[in-house]
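*Asks:* What follows is each chain in one-letter form.
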Amino acid sequence: MFAHLNVHSTYSKMCGTATPQQLLTRAKAYHQTHLALTEVNGLWGFIRFVQWAKEAQIAPIAGTNILTASADLILLVENQTGYANLCRIISAVHDSEKQAIAPLLRQWSAGLFILTPQESLLRELVAFIPNHQLFIELRPGVSEREAARLARELHLEIVATGDVYFLEPQDQKTHKILRAIDNNQTLSQLGAADYKDERHYFRSEKAMIDLFPNSLTAINNAQYLAERCKTDWSFVNTIFPGQSLKETHTANKQLRELVYRGARQRYGEITAAVQQRIEYELALITQKGFAPYFLIVWDIVRQTKTTIGRGSGAASIVSYCLFITQVDPIKYNLCFERFIHPERVDMPDIDVDFAWDERDGILNYIFKKYGLERTAMVSNQVMLQPRSAIREVGKVYGLSNEEIKAITKRISYFYRKAELLEWIKTDPRFCNLDLDDTLLEIIQQSEKIIGVFQVSSVHPGGVVIVHDEIHKYVPVLKAPKGVQIVEWEKDQVEDSGLLKIDILGNRSLAVVRDTLKQIGLYRNEYMDYHQIQPVGDSATETLMKSGRTMGIFYIESPATRLLLKKAGRVDFEHVVIYSSIIRPAANRFINIMLERIHGKPWQLLHPDLKCLAESYGIMVYEEQVSMVAREIAGFGYADSDYVRKVISRPALAHLVPIWKKKFITGALSRGYSQKLAETLWEMIESFSGYSFCKPHSASYAMLSFTCAYLKAHYPAEFLAAVISNQGGYYSTYAYLSEARRWGIKILPPHINRSWREYRGHKDKIRLGFMAIRNLQDKAVETILNERKAGDFKNLDDFLLRVDLELADAMALTNAGCFAELEPQLTHKEIAFKIASFYLQKGDRQPLTPRNDRQPLSRVEKLTLEIESFGFPLSEHPLEHYLPVFDGKIKKARDLGQYVGQTINLLGVYITRKVAMTKQQDPMEFVTFEDETDIFECVMFPEVYKEFGDLLNWETLFVIRGKVEEVYGTYTVTVEKLASLQRTVEKMTPGKRAPVRPTFAEVHFAKEY
Amino acid sequence: MTTYLINKNLSSCSSAIIRGSNTPFSSQLNDGPVLHIRLSDFELQVERLLNSSLRTRAIAVISSHHQNGTLVSVSREALEEGLYPGLRVTIARKMSHSVILLPYNATLYNKVHNYIYQTLTHYAPVVEPTVYGQYFADMSGMNRIYRNSVQAGYLIARDIHGKVNLASQIGISVNKLVSQITTAVVPEMIHRVEPGGEAHFLAPLTPEVLPIATEPMVNKLIRFLFLNEVKHIQEITAVPSDGAILFGKFHSQLYAESHGIDNSKVQPPQQRDCLVEQTVLTADTNDEEILQATVTNLAERLAYQLRRRQQVARLLTLEVHYTDGFKNVRRGSVTYHDDKTVIGEALRLFNLANYRRNRVRAIIIEARNFRPCVGQLHLFRAPRDERVSAALDHIRQEYGWESIQTGNSLLIPNTQDRAARVLLKNSAPLLPCSPAFKPVSSSLSAVSYC
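Going down the list, the sequences are from chains L and F.
In terms of my numbering, the first sequence opens at residue 1 and continues consecutively.
In terms of my numbering, the second sequence opens at residue 1 and continues consecutively.
I should point out that these hints are in silico values taken from the structure, not numbers from a laboratory.
Just to be clear, a hint being listed does not mean it is correct.
Said to hold, decoys possible - Heads up, simulated DMTMM-like pairs for lysine to aspartate or glutamate below, C-alpha to C-alpha not over 25 Å straight-line:
1) K231(F) x E829(L)
2) K220(F) x E822(L)
3) K249(F) x D171(L)
4) K610(L) x D328(L)
5) K793(L) x E822(L)
6) K176(L) x D287(F)
7) K220(F) x E867(L)
8) K176(L) x D284(F)
9) K173(L) x E77(F)
10) K220(F) x D852(L)
11) K94(F) x E946(L)
12) K327(F) x D328(L)
13) K405(L) x D284(F)
14) K249(F) x E829(L)
15) K861(L) x E235(F)
16) K976(L) x E77(F)
17) K841(L) x D284(F)
18) K94(F) x D921(L)
19) K176(L) x E289(F)
20) K54(L) x E525(L)
21) K94(F) x E924(L)
All chains, full assembly: derive it from the sequences and hints.
*Replies:* And the structure:
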């Protein structure tokens, strides 16, 4: 019998070519009972390996191949202590690759088996490691005779390994390519030490005997050793911070006190219903030992005011009373069982959003409080995908960027299929691609390396906290940006039972915070984030009904704005539904829902589907998937929850057909019709990619309502905060246009009145210094600091008080910051004073400006504005062109008058979204605005094919299209699209367009 | 528009298109005028010369097909489609599907450029070629041959048109600066700026016409201060204190240029001796062994040439040209001319230059700055290498170059074919069109313009 104890999979960074599943399948085919996965310096895919090994009924062994500058050895885990030591050793090696291995093993060798072929290392280790733990590794390339000699001399046993890097000998070329990619070399530049030869493939027992005919004992030893290794891995026992009885008791007590204190703040009087719900939840939390977890989240959340709990945690009254979430689960009927269920075995997670600019501070707090010993961030494992695989292999073969792009530009960023060659040969997109031998080989090799682990990066918000020492549970390393991360990505972290808290940055929370701050500053109205009651406010509902939600969290995209307008119902429950149903695969169901909202009679697909009654008989929330699976297919709680995961996680996509079959079989066996089962499964599949549970949507809807409330009552302050936080869906230009539509005056930057950020007050927004291009932060800081001593009286006062670099002073001048300070001077005179002052050396004195009383022309002013801010400020970009058209065009605000007619419009590009028709033809939704209103356009495939490219470089357009009306909303179906500037040039030969922005300036609108 | 006029009217050469600022035809050649001859859109004109079907089509010459490639020259028809010089090729392709994008054919332009230079040398004693399609001619002392500079200019334009059918513009003034600006801004075929009228001529023009305006600092200030005409610069630099504060070290040059003062001389092209060994690989490759063998072979040939001249090269330049049009250059020197030294240096330079993984298309080794090889023996240097080289030279002189070679030459594909080494000059169309690519005139002892 033989078991492989030195095996590298695709999780070994740019080394292994076989996936763990392929290795397990091959081991099974060779009738091997055990398999050790020994990735280079890590346990990168260990959790997945254990899961897959269980499916393949192979005993999984934890191990690693420590590879440093001086050592090459295999460590295998004998028991839990060994696992902890293994994680510690790997972490130490991550800290320094020059780390000597012997001192580490002297400290942490308990519970580990050590195998190495290196004589010097063996001689060093044999001094302090007993011979039942230390073995001579006989791997391909090692002489049997030498191994035997060493065994005799050191009194150690020999264990044979395959030192596997690929499945078959012919895969060695793929391995070489990976090494070349990793070393940034070509194949011919690789040295012999940089890669493994053809012998390092996955051998059967017989092949091992052929390789080492004189070492049968060593081959048998591999099996004996494998049987001594730990293989009964279980991750059910969640690792909590603070596990002792005393700590748990204290935590339970503290949690109860905090929850009741919070309940009094939230509800005033604690009613029987509230108390009953609190008691129910506390009982479950206590029973499952989750109290310390809630306390940690509570501790983190109280570091700041504006937070929002997301995910299923929002269904908990305990979270609500701890101010972790902001939605009252009783009032909005949120089901706690989606969060913690008596049968649920895995760890529930509470994800919390913080203002984007406070997130780093929160993470610092966590690291400071719990220390590097106990805390690390979750990592992202970057795997080679079709595009990156072709790019990297192409480089190894010496292809130029252009040659590589000829292929990769035809592959979508999201394309994940592995059968590249077959696809490229058959897909019409590649019909004119000349597949010569080199290209053919590149594609074949690329196909083989898809899914290989390339590099790990930092997850944006996942933090792992343990109660004692994190190195015991998972190897940690330092990411390039200096943060400590664990080796596993979020799914493996979750499945390993580690406590993960998602600390995510949210720009809208910062918008709310900044709006409240401005209201307090300028209106002397103090508002508490937790006390705002936006639901039921009539102004807020009117705003939402009209779809004027630009800038409002989660409901500002053109699609959602149209949905709000079309639906016409914007109570909290409906907005929660809209937040959930806006997802790529659910378009068909949105239309069905709209019909039903507008009164079309409907009934449930089956009387047993009562869980869908609240959402017009359509599956909207994640938990409805589980409920339907339980109700119709008869799944248990665990299975029904797993179906939900399978659908929403791309990593589990391969399981979808299996679960579909299970679902349909289950439904049929319970007497439901085939048609019903298939219709329901179609609804379930619309959740693929991403979807939300009701508590999560409710939580987000609450933030949407809060933002809408602020916009309805304090539009200037709100929109200024939206622009300052740079987090919205649209560009700054689009938000300023929106502000104008709200009757808000946009003021240019002013040296005494502007701040770093945009500031709004009643009906005015003042541009902040951040709006000025080419102005450095330190200059802004200098000005704001100096202004603390009092406003600048005039330009001379500014010059004498503020020492700036000339470029900054020029940027301020061009942005018009001094115009109001020196109204008697022209722009050119101010420019002369600024330049002549800052260019003086030694003692500077303001000079008298040369007499140039000519003010800037309109064109010069617009040019300066575009240079300074990226968009014209003093007038609408279309204003110049209007006289040319002289009544031949219609206005966006009058669209309602032209329903069914084909009209011409002028438009500034705002945003766009490409979509695919059922026939997989690309089409596009484009948003434009004119000086009267914003409007939505649709470009169907034929028009998109003809005019779609124009959107890539033009910003101002003449649009010809037919006005359509659906549920009171107007859209324009584009028939023709033309560049406004080119049209004007053609209409007025000999005259150039008044302001012709250069290409770089054209795209002031943000693209998505 | 100018091109059109010239093509239509050159045979009759009406006086309407020959204008001067003050008194046309009055100037004599004893005032030492400088002519600037400009063939506008040179690359386009040359392309259309070769392919008449392009004459009415929208065309643009591009620097490279690479993603950062830009339009170098754009025809009027292409301009009407919204394209303009400097636009990225990728964008241009999207903006206009009908425009024909022509690769930058440096070899062709070089040939025509040189031919026109040779033509001009018949009219003036000193001619200075600058960029493609532009030349200065110093007409000092030519008053006995031509009636005046305008007539000389007319004859030149007619000759160019007659020989290569290309339209040219000619600017005449007392210095290179004003002559060059004249051809850039005046649409007429010939324009003369009278001596003393330079400042007046320049005053209404935009400051961008002044060469110093390309200096980033100067350009930035000109834009910031809204100095929209040269007149404004003349005014501001006329006050030395203000001018010095604002423009610092550029003040005096800006003053001179804005007033049309330029003392630089028209200079003939300098000749410089150089040795060039180069090859275009039979197939693009990034195989290190083949590339090293190729470099070795080229260096061996260069060393042989150096030994024949009894010289060493203080400047050894190695260029690696890649499939995608990029090239990397490294420079070094050799103080001995034996094979080992030259090959060693060439390989060192190659390893430094070839840090990309792209396939290599061509390799060039160029030697310059020659010095005699002194026979002084080095204290720690064995004379063996020199003796080996001398022995090899002897064998090759007796039995030919191919009679004895280094072993790795066998790695080079089609070794037999390589006997007829591909000169880059002849094979340049194989290379991607990069304006940076420099054609050379000979493989052995070459003369090039510097």
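*Asks:* All hints are to be evaluated individually against the structure, with a verdict given for each.
*Replies:* Status of the hints after comparison with the structure:
1. A hinted pair counts as satisfied when its Cα atoms are at most 25 Å apart, and K231(F) with E829(L) qualifies at roughly 17 Å.
2. Restraint check: the Cα-Cα separation between K220(F) and E822(L) comes to about 23 Å, which is no more than 25 Å; the hinted pair holds.
3. For the hint pairing K249(F) with D171(L), the CA-to-CA distance comes to about 65 Å; that exceeds 25 Å, so the pair is violated.
4. Our distance criterion of 25 Å between C-alpha atoms is met by K610(L) and D328(L), whose separation comes to about 23 Å.
5. Distance restraint check for K793(L) and E822(L): the Cα-Cα separation of roughly 9 Å lies within the 25 Å cut-off, and the hinted pair is therefore satisfied.
6. Taken as a hint, the K176(L) and D287(F) pair is honoured in the structure, with Cα atoms around 15 Å apart against an allowance of 25 Å.
7. For the proposed pair K220(F) and E867(L), the alpha carbon gap of about 13 Å is at most 25 Å, so the pair holds.
8. Only pairs whose Cα atoms come within 25 Å are accepted, and K176(L) paired with D284(F) is accepted, the gap being roughly 21 Å.
9. For the proposed pair K173(L) and E77(F), the alpha carbon gap of about 52 Å is over 25 Å, so the pair is violated.
10. For a cut-off of 25 Å, the pair hint linking K220(F) to D852(L) stands: about 19 Å separates their Cα positions.
11. Using a Cα cut-off of 25 Å, the hinted pair K94(F) and E946(L) holds, with the two alpha carbons roughly 11 Å apart.
12. Distance hint between K327(F) and D328(L) is unfulfilled; the C-alpha atoms sit about 66 Å from each other, more than 25 Å.
13. Taking the CA atoms of K405(L) and D284(F), the gap is about 19 Å. The hint holds against a cut of 25 Å.
14. Annotation: proposed proximity of K249(F) to E829(L) holds, straight-line Cα distance about 23 Å (limit 25 Å).
15. Among the hinted pairs, K861(L) with E235(F) is consistent with the structure: their alpha-carbon atoms are about 24 Å apart, no more than 25 Å.
16. Pair hint K976(L) plus E77(F) holds up; C-alpha atoms about 23 Å apart against a cutoff of 25 Å.
17. Taking the CA atoms of K841(L) and D284(F), the gap is near 57 Å; set against the 25 Å cutoff, the hint is violated.
18. Distance restraint check for K94(F) and D921(L): the Cα-Cα separation of roughly 19 Å lies within the 25 Å cut-off, and the hinted pair is therefore satisfied.
19. Between K176(L) and E289(F), the direct Cα distance comes to roughly 17 Å. Compliance with the 25 Å bound is thereby established for this hinted pair.
20. Of the pairs offered as hints, the one joining K54(L) and E525(L) is violated, with about 62 Å between alpha carbons and a cut-off of 25 Å exceeded.
21. This hinted pair checks out: K94(F) and E924(L) have alpha carbons roughly 17 Å apart, not beyond 25 Å.
Violated hints for the displayed structure, listed by number in ascending order: 3, 9, 12, 17 and 20.
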